Amino acid sequence: MAREHTLDRLLRAWREDIDSEPFPVIADVNLPRQTRRQLRADPNRNNRPDHGRPPTRNH
Numbered sequence: 001m002a003r004e005h006t007l008d009r010l011l012r013a014w015r016e017d018i019d020s021e022p023f024p025v026i027a028d029v030n031l032p033r034q035t036r037r038q039l040r041a042d043p044n045r046n047n048r049p050d051h052g053r054p055p056t057r058n059h
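All the letters of the sequence shown, read from the start, carry residue numbers 1 to 59 under my numbering.
Simulated from the structure, these hints should not be mistaken for lab results. Where hints are given, some of them may not hold.
Said to hold, decoys possible - DEER-style ranges, computed between Cβ atoms:
| no. | residue 1 | residue 2 | range |
| --- | --- | --- | --- |
| 1 | N58 | T35 | 42 to 48 Å |
| 2 | R33 | A2 | 51 to 57 Å |
| 3 | N58 | W14 | 55 to 61 Å |
| 4 | R12 | R57 | 53 to 59 Å |
Given the structure is predicted, the values throughout are model-derived calculations rather than measurements. Here a beta-carbon is modelled for each residue, glycine too, at the ideal position from N, C-alpha and C.
Turn these sequences into a full structure, and let the hints steer you where they fit.
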C-alpha cells in the first residue's frame, strides 16, 4: 500500500512538472531552410535521355 502511495505521488509530481512547461509552437522551432535542386545548373542535363527527367512508368 505504501508503495502505491509513493508511485502515486511520483506520478502526480511528474504530471505537474510536465504541465509547467509550455508546449512549443511551430514559431519556436528552428527548421532548416529547404533547398531545391537546380536542374538547369546541371551542364550534362541535355546529354541524358529525356533531358535528365526521371523515367515515367506506362502501365
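Evaluation of the provided hints:
no. : hint                   : verdict
1   : N58 to T35: 42 to 48 Å : violated, 32 Å
2   : R33 to A2: 51 to 57 Å  : holds, 55 Å
3   : N58 to W14: 55 to 61 Å : holds, 57 Å
4   : R12 to R57: 53 to 59 Å : holds, 57 Å
In this structure, the one hint that does not hold is number 1.
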